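> Same order as they appear, the protein sequences are chains A and B. For the first sequence, position 90 (counting from the first letter as 1) is numbered 90 according to our numbering, and the numbering increases by one without interruption. For the second sequence, position 305 (counting from the first letter as 1) is numbered 305 according to our numbering, and the numbering increases by one without interruption.
To be clear, the hints were calculated from the coordinates, so they are not data collected in a lab. A quick note: this is a predicted structure, and the numbers were derived from the prediction, not measured. Please note that the accuracy of each hint is not assured.
What the hints assert, rightly or not - Residues on chain B that point at chain A, a partial pick, calculated with CB under 10 Å: (1) ARG71; (2) LYS139; (3) GLY177; (4) SER182; (5) ALA189; (6) ALA190; (7) ALA192; (8) TYR200.
We put the CB at the ideal spot given by N, CA and C, even for glycine.
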Amino acid sequence: MQGDLLRVSGVGRRFGGLVALRDVHMTVRAGEIVGLIGPNGAGKSTLFHIISGVLPPTEGEVTFRGERISGRSPHEIAALGLSRTFQNIQVFGDLSVLDNVLVGCHRHGRAGLLATAFPSRRVRDEERRLRERALKALSFVGIADLAFTPAGLLPLGQLRLLELARALAAEPILLLLDEIAAGLNPVETSTMAENIRAVRDQGITVLLVEHDMDLVMALCDRIVVLDQGEKIAEGFPEEIQRDERVIRAYLGAEWEEVSA
Amino acid sequence: MRALAVFALVVLLYPWVAHTSYLITVATFTGIYTIVAVGLGLLMGYAGQVSLGQAAFYGVGAYTTAVLTTRYGLNPWLGVVAAMAVPALIAYVFGRTLSRLKGYYLAMATLAFGIAIYVVINEWADVTGGASGLYGIPKLSIAGWAISSGLPYYYFVWAIALLVIFMGLNIVRFRVGRALRSIHSSEVAAAAMGVDTGAYKMQVFILSAVLAGLAGALYAHMSYSLVPEPFGLQTSILFVTMVVLGGMRSIWGAVVGAMIVSAIRVGVNWLGHTLPGVTSEVELVLFGLILIGIVIFLPNGLVPTLAPLLRRIGRRPVKSAVEDGKGEAVCKVTSSA
Ligand SMILES: Nc1ncnc2c1ncn2[C@@H]1O[C@H](COP(=O)(O)OP(=O)(O)OP(=O)(O)O)[C@@H](O)[C@H]1O
Ligand SMILES: [Mg+2]
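Extracted from the complex, chain B is given alone in its bound form:
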């Protein structure tokens, strides 16, 4: 939690360092991505499930509030609530259908779902505006003051993102998070200790969908218009990359992943202006390479690999009980598993 306070300070002071509106927008996006990544990190790292359709929940969230507020004049705050409720419902139905959420079923099903949603957003033009887009999305407002884009929206998004990080850090610390971590090592032992593994996997899946929906709503109310393009498979892969890069089994991993991916996108964008031929396609290739590299060289991701090193630098080396009797035990556990 001390790390969270330090990080909040960084978020607070960032605009003093980076004052161009472009860098503020990028950082706002990073906050939105962080919200998705924390949810996906919980799903992948703790519930042991992969979703390749997180961009679809993100898109459903964005379009739910955009359609309800522009076409039916709904209050934008209620739009945000709806943007979380609809993905929750979809995730629930998914979980139910795939009753036991085992193996790669969820990955495959969410992949198909992601593609289907993208097609629906594009084709259902009467409602979504199709490829030409949906216009006139109202701003969120607090006590009559609209949260305008730029700096106010940056702080607004990050306030929510920090709350989501706080939530994630707590979840993994207490009873349920512990149970989820135990499922990873031995599902059979976890169940024998009374952990309802199926129910927890379902709850985390729903939570990840709700967070993606929330992020989508924040995205929608950030700008005046909405087009289908950001909600395709490419974005789903982007989210998975963030989580894998930063480290699946770490909330901070998701945050760091979101930040690095954003930084890379800024870099690619900058190169695109300087060198002809560098486009967003380059970005996708780059993320593919990062995924492969991480899986091969840093299977735990950046944060879980680097955190102990940082901690060691911070402290004087102490011979702890951990270091005693290291060698033989490790191989015994793995061989009996």
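Looking at chain A on its own, in the form it has when it is part of the complex:
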């Protein structure tokens, strides 16, 4: 268990009377692509929110790089090298594409409020470095030509790429992707799959939530399945595809709706 990058231990989360997560245990090891799947409302996004500090768990704890992170605020967790994207796109619509990604670079800058009020050479140099870093992230996902477009004007496919670029600009150790391919056409989906592989090849560990089963099976080294807040299976893609409980959970939730 020493080599685990992320460990979720006995995590539970209630919203009033509703139990969104119950006693969930899972781990992610460095270098893996792990898939987190389950029918609608299974608690996948809730688990992402808990890991990234958006929500505190009501039970259990999360450790990242050996440090307990549950209960800490999102920016502290981000500072440890965890970055994420959002299922309901959270792009900064009135900032340019480049500025969005520059906010992703935020944790690699130092300059504070007063330092930027009278920008010294050091502040300007830092700004230049951050811009290079941001442009690199934009080229990586292939939208560098849109750098000066207001982000709010992008179509969905490019918004998802922008979210990926922004998260990558933080140069994370662990990247959480919450349905990054949702709403994409087949061409865009395969581009996204290539991007995710390229991310892993850079040494970044990936935990992703995805409904597109072909994508999940093709990408992931390991899969964790949630249903109604509980972990019902965990294993290699081939094992998961054959798992009785997984098939039943998906059939119960109407396969068509889920895979749509």
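Dock chain B with the ligands against chain A, hints included.
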């Protein structure tokens, strides 16, 4: 920054056009208001918080230096420093108490604070002189030369105001300003990118209080005496009007707002001499109407609405990447937010 250079030139040449001492005084006030408005603009437009008590910080600044210099013989420059430090401390304590500076708490709390400070200035007559005022405020001096009121003070105030504008323009351009702008669109995403949203809101609140305090000190040393009247709720509303009118999310918006509000006051004052019955009450009604009108018709304020138009006039129309694929994307972003 080119706009700043042009504007500095306008400031420099203004006295050649407007040479009555009344118009110089009005312009000096505009400079003082600009300093407050830039701070309040950063707070409202970038940190997403409203302060309805900015006149109280302004008043605390004015009275801090006035009391310390007249009663304790402090050097006026140190008085100015104290006038910035005391509001900073108050803002810090405020921010701490309201730990997360969320929603309308700050607006309500600063409103109450503003009213309380006004009462204190009026009632604590032993120190502040109360309603009858505080007299004998010394002038600021540079190398033994007092900066006398009129033209010298105009240039002095505007030198500081230009510096404050320069500061504001830089803040919004670099790392922290970008982070602040991002908080506006999605606080949760900003935090996930490592932005300590709470800390930045606090810092901007303190900065806005410091600038209001500085402006207050400049006001105090401009004249010989100080009375409580200019530091009430009416002035707080005046400051909010400037920022909303000019455009919250623009440093130039704050500047333009301060200028227009000053111009309106000159107009009302002039009407007051011509038509009986037009008093400063009219002014307040007018500002109320302007606020309502702007909120309904120009929610972004004048500068952010007009700037793209001006830029378009200045340039030949170019079909940019921005114009491609406009329609569908906008509604998608809003619907997924
Ligand atoms: N803030 C909240 N308040 C109340 N209930 C919530 C909240 N967030 C999530 N829930 C509930 O918790 C359950 C799990 O939601 P969650 O969003 O984690 O599901 P999910 O697995 O991500 O589903 P999907 O595949 O549709 O995105 C759902 O029943 C949802 O309604
Ligand atoms: Mg979800």
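> Under the criterion of a CB-CB separation shorter than 10 Å, is LYS139 of chain B in contact with chain A as hinted?
violated, 28 Å
> Tell me if ARG71 of chain B is really an interface residue toward chain A, meaning its C-beta lies closer than 10 Å to one of theirs.
Check failed: Cβ of ARG71 of chain B comes no nearer than 32 Å to chain A, outside 10 Å.
> Can the hint on ALA189 of chain B be confirmed by a CB-to-CB distance to chain A that is less than 10 Å?
Holds, because the Cβ-Cβ distance from ALA189 of chain B to chain A comes to roughly 4 Å (cut-off 10 Å).
> Quick check on ALA192 of chain B please, does its C-beta sit within 10 Å of some C-beta on chain A?
holds, 5 Å
> Is the interface hint satisfied for TYR200 of chain B? The criterion is a beta-carbon contact with chain A at less than 10 Å.
Result: holds, 7 Å to nearest chain A Cβ.
> Can you verify the interface hint for ALA190 of chain B: is its Cβ closer than 10 Å to any Cβ in chain A?
With a closest approach of 7 Å, the ALA190 of chain B hint holds.
> Given a cut of 10 Å on the nearest C-beta pair, is the interface hint for SER182 of chain B held or broken against chain A?
holds, 5 Å
> Does GLY177 of chain B hold up as a contact with chain A if the rule is Cβ-Cβ below 10 Å?
Holds, because the Cβ-Cβ distance from GLY177 of chain B to chain A comes to roughly 7 Å (cut-off 10 Å).
The structure shown violates the earlier hints numbered 1, 2.
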